[in-house]
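Engineer: Chain by chain, the residues run as shown.
Protein chains: 2
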Amino acid sequence: MNNIHVIGLGLLGGSFALALKKEKPSLNFTGFDASERNLKDALTLGIIDQSSEVIPAETDVVILATPVDTLESLLLSALDQIQENTLVIDFGSTKEALCKAVADHPKRTQYLAGHPIAGTEYSGPKAAKPDLLEKKVFIICEMEKTDVHLKGMAYDILESLNMKLRFMDPEEHDRQLAFVSHLSHISSFMLGKTVLDKMEDDKNIFDMAGSGFASTVRLAKSSPAMWAPIMEANQGNILDALDAYISNLSKFREKIAEEDKSGLKEEMASINKIGDILDLGR
Amino acid sequence: MNNIHVIGLGLLGGSFALALKKEKPSLNFTGFDASERNLKDALTLGIIDQSSEVIPAETDVVILATPVDTLESLLLSALDQIQENTLVIDFGSTKEALCKAVADHPKRTQYLAGHPIAGTEYSGPKAAKPDLLEKKVFIICEMEKTDVHLKGMAYDILESLNMKLRFMDPEEHDRQLAFVSHLSHISSFMLGKTVLDKMEDDKNIFDMAGSGFASTVRLAKSSPAMWAPIMEANQGNILDALDAYISNLSKFREKIAEEDKSGLKEEMASINKIGDILDLGR
Chain W
1 MNNIHVIGLG
11 LLGGSFALAL
21 KKEKPSLNFT
31 GFDASERNLK
41 DALTLGIIDQ
51 SSEVIPAETD
61 VVILATPVDT
71 LESLLLSALD
81 QIQENTLVID
91 FGSTKEALCK
101 AVADHPKRTQ
111 YLAGHPIAGT
121 EYSGPKAAKP
131 DLLEKKVFII
141 CEMEKTDVHL
151 KGMAYDILES
161 LNMKLRFMDP
171 EEHDRQLAFV
181 SHLSHISSFM
191 LGKTVLDKME
201 DDKNIFDMAG
211 SGFASTVRLA
221 KSSPAMWAPI
231 MEANQGNILD
241 ALDAYISNLS
251 KFREKIAEED
261 KSGLKEEMAS
271 INKIGDILDL
281 GR
Chain V
283 MNNIHVIGLG
293 LLGGSFALAL
303 KKEKPSLNFT
313 GFDASERNLK
323 DALTLGIIDQ
333 SSEVIPAETD
343 VVILATPVDT
353 LESLLLSALD
363 QIQENTLVID
373 FGSTKEALCK
383 AVADHPKRTQ
393 YLAGHPIAGT
403 EYSGPKAAKP
413 DLLEKKVFII
423 CEMEKTDVHL
433 KGMAYDILES
443 LNMKLRFMDP
453 EEHDRQLAFV
463 SHLSHISSFM
473 LGKTVLDKME
483 DDKNIFDMAG
493 SGFASTVRLA
503 KSSPAMWAPI
513 MEANQGNILD
523 ALDAYISNLS
533 KFREKIAEED
543 KSGLKEEMAS
553 INKIGDILDL
563 GR
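Taken in sequence, the protein lines are chains W and V. If you read the first sequence in the working numbering, its first letter stands for residue 1, the second for the next number, and so on. If you read the second sequence in the working numbering, its first letter stands for residue 283, the second for the next number, and so on.
Fair warning: there could be bad hints in the mix.
Partial chain V-side listing against chain W, Cβ under 10 Å, derived [claimed, not checked]:
(1) Leu356
(2) Lys382
(3) Ser466
(4) Val477
(5) Asp483
(6) Thr498
(7) Ala510
(8) Leu521
(9) Ile528
(10) Lys533
For the record, the hints were derived by calculation from the structure and aren't laboratory data. Positions of the beta carbon are idealized from the N, C-alpha and C atoms, including for glycine.
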């Protein structure tokens with residue numbers, strides 16, 4: 001393995017390249033970004049060594065780390081371009097549509113459907129950092145459909161980055177991510193909106209905001225260019241998650257309206273166990 | 283100023299005493315907690331020097347740092363007990379009802395209605411830490427109703443703790459806190475519940491949870507004994523905040539259902555500015 005080509009040089013693609021460079025300094029990194037500014041920044045920051053709009057013939061692994069609405073065409077075009085010993089991995093936040101789109105492609109075995117569970121509310125190459133992926137979960141979907149030798153290269157990379165592998169169906173992936181990731185982003189955006197609307201009456205309302213508010217609203221700084229396509233691609237699951245969330249909020253609202261203090265206490269106490277679950281999960 | 287008496291030796295009361303001890307080592311701290319265990323822990327951890335169920339006669343400042351449903355009777359009883367040069371400060375998360383309850387008390391001038399905007403999702407004396415209040419906002423309501431000389435003692439303490447003072451009406455306080463604090467806690471609890479419910483079908487769903495989920499759900503570890511009374515005391519404002527939040531979620535849901543990608547992008551982009559506002563506010 002000598003050459004890696006990264007398409008999409010933002011937070012995730014950039015962090016991946018920086019981390020892998022550190023572990024395997026002999027690798028050569030080429031790459032491309034539709035934004036000229038990102039491309040320039042990625043070169044300046046040493047994320048890639050050379051820019052290249054086409055995938056160089058000698059590339060071993062192509063990484064696709066762009067918003068999910070661009071992945072299908074990028075993936076199909078990458079598969080059309082590559083040699084027989086090249087692997088393409090995508091980092092998209094939704095997997096079902098992409099796996100379907102590529103299911104009958106003659107080079108399906110040269111594709112690995114991946115998703116690193118890592119990110120921050122910031123985006124772009126300047127937000128990239130070499131430890132972003134460290135010890136994070138990397139989900140692989142339909143692993144049985146990828147060529148065994150090419151898969152070996154992917155495992156080698158993921159192991160050197162200290163990532164924890166998980167395997168699941170694309171449908172299961174998208175359903176679960178709607179609840180543990182996509183819903184959190186929507187709840188955060190809407191919390192932000194609710195308080196921004198309130199600011200019209202209460203100008204100094206943000207003076208009162210403590211660390212709790214900052215924590216729940218942090219994701220409202222996330223990139224719309226990344227998140228609108230996720231909401232489109234995972235529409236059904238996200239609507240399910242949102243409906244469950246709104247229903248829970250409405251029932252909790254009724255308990256407050258009815259002054260059901262013991263009901264509120266019991267409910268919150270039973271949710272407190274999430275603390276243990278999350279701590280165990282780390 | 284020689285003697286401080288702290289009633290309620292949990293996260294907030296404990297952190298206050300630890301911090302003030304560090305700044306003014308000559309002060310003597312007495313205190314009490316309805317939980318025997320908390321009281322014992324507070325003595326072991328050096329939060330207080332002696333335990334005392336009654337307020338010692340020579341006390342300069344009494345701090346009330348208990349759940350909001352206990353504050354009214356504790357405040358009235360404290361005012362009844364104290365000498366004329368003693369000040370009582372409460373740290374309650376809601377202020378309107380308490381200020382009303384004490385409005386006609388003959389010793390009203392010996393009370394300062396306070397609220398430090400500080401906390402974590404943990405509770406009890408073991409969660410207390412001397413830097414919790416450092417550089418945080420301390421809200422004072424109805425400052426004009428407190429005796430000028432007694433208020434001087436409070437300013438002296440708050441200044442030595444490096445806190446930033448803000449002054450507002452109790453009504454304004456409760457309304458704003460419903461939006462920037464109480465709503466965040468409810469959104470977090472309900473996010474936790476929505477995913478815990480989902481765990482019945484998808485056992486390993488928490489494996490997929492990244493730092494974004496952890497951040498939005500962190501407050502779901504908060505103490506029900508503290509939060510159920512806040513929801514009761516600030517019912518009207520919390521219902522307003524929740525209704526606005528649920529309405530925003532429902533409208534956003536419609537945009538997703540209608541595949542209004544440009545509408546979603548615009549909405550999220552306009553909420554992104556909360557990042558600048560929060561950063562400026564710190």
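Engineer: Please go over all the hints and tell whether each is borne out by the structure.
Structural biologist: Comparing the hints with the structure gives:
1. Checking Leu356/V against chain W by beta carbon gives a least distance of about 18 Å; that is not within 10 Å, so the hint is violated.
2. Annotation: Lys382/V was flagged as interfacial toward chain W, and the flag is violated, the nearest CB pair being 18 Å apart, outside 10 Å.
3. Hint status for Ser466/V relative to chain W: holds, with the closest Cβ pair at about 4 Å, below 10 Å.
4. Annotation: Val477/V was flagged as interfacial toward chain W, and the flag holds, the nearest CB pair being 5 Å apart, inside 10 Å.
5. Among the interface hints, the one on Asp483/V holds; its C-beta lies about 9 Å from the nearest C-beta in chain W, closer than the 10 Å criterion.
6. Nearest Cβ of chain W to the Cβ of Thr498/V: about 4 Å, under the 10 Å cut. The hint holds.
7. At about 4 Å, the closest approach between the beta carbon of Ala510/V and any beta carbon in chain W falls short of 10 Å, and the interface hint on this residue holds.
8. Interface restraint check for Leu521/V: the shortest CB-CB distance to chain W comes to about 6 Å, inside 10 Å, so the restraint holds.
9. With a least beta-carbon distance of about 5 Å to chain W, the hint placing Ile528/V at the interface is held under the 10 Å criterion.
10. Here the hint on Lys533/V is kept, as its CB sits about 9 Å from the closest CB of chain W, short of 10 Å.
Of the numbered hints listed earlier, those contradicted by the structure are 1 and 2.
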